[in-house]
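J.: Each chain, written out:
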Amino acid sequence: MINNINNIVGNTGKSLLKQSDKVADGTVSFSDVLENVLAEVNEIQKADIVSKQKLSIGEIDNFHDPMIAAEKADIALQFTAKIHGKIIDAYKEIMRLQV
Amino acid sequence: MREADNMGAFNAFNVSATGLTAERTRMDIISKNISNANVTRTANGGPYRRQMVAFEEKTSFKEVMSKLENGESITVGEGVKISKIVEDQSPFNRVYEPGHPDADEEGYVLKPNVNTIKEMVDLITASRGYEANITAMNTSKNMCLKALDISK
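Protein chains in written order, with the numbering used here: chain A, 1 to 99; chain B, 100 to 251.
Bound-form chain A, shown alone (with noise of 0.2 Å):
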């Protein structure tokens, strides 16, 4: 069953995903993915943080440079806590299944 969501993800989210996402027999772990996607919302919320004590301690430039970044933070939040909860929604319905 993980197989057939892997293989779903591999042909569907290929845009999302990098070469070093293939695992060896050249599908993508659905982890993977998962795990990347993180990783790239994490760096922009830590470039928010990043800029918020830039301002914190008078070290900017400007003022609408960490507005911005926080911004993207938000957004990229929303975006994960979204897949998040359609990754919970697809796992329920299929734990739903009549076996």
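Certain hints may be false.
To be verified - The calculated label-pair distances, taken between Cβ atoms and stated as ranges, are:
#1 B:N110 to A:R96: 35 to 45 Å
#2 A:E93 to B:E155: 15 to 25 Å
#3 B:D127 to A:S31: 46 to 56 Å
These are computed hints drawn from the structure, not numbers from a lab.
From the three backbone atoms N, C-alpha and C, an ideal C-beta is built for every residue, glycine too.
Could you slot chain B onto chain A? The hints should help.
T.: Below, chain B alone, put in the same frame as chain A:
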């Protein structure tokens, strides 16, 4: 951090950010002109000369390379940047002010070629330009948020 910044999803944000930075710089120069509007003595000698900013389209090295490779003529680009800050070469104002420490033998003083009214108009332009960039950014943010509403 760099990799996340170059994510296509946030490209519009980055482009707008360059516009905001450019307008801020223009604002700085206008403030400088206004504050120096009556300066008759500078480090270079003579009165203060009005300064102006010149904008330039910003393209990344990657884009220039892909343009050369694929022969594409149109790219999204990375926004705008300040190419240079130039001095206004128009003549100084010559004002009759005999008691002034920088007056010549005839009692005339050279005043900066700064026209405060012109600077005020530039100020409005910079402010509106900044607002326009923020509007563009908010619109792309709203588009992102709308995309999250798909299948809701």
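J.: Next, verify each hint and record whether it holds.
T.: How the hints compare with the structure:
For N110 of chain B and R96 of chain A, the Cβ-Cβ distance of about 40 Å falls inside the hinted range of 35 to 45 Å, so the restraint holds. Taking 15 to 25 Å as the suggested C-beta distance range, the pair E93 of chain A and E155 of chain B does not conform, at roughly 53 Å. A hinted range of 46 to 56 Å holds for the C-beta pair D127 of chain B and S31 of chain A, which are about 49 Å apart.
Checked against the numbered hints given earlier, the structure breaks only hint 2 and satisfies all the rest.
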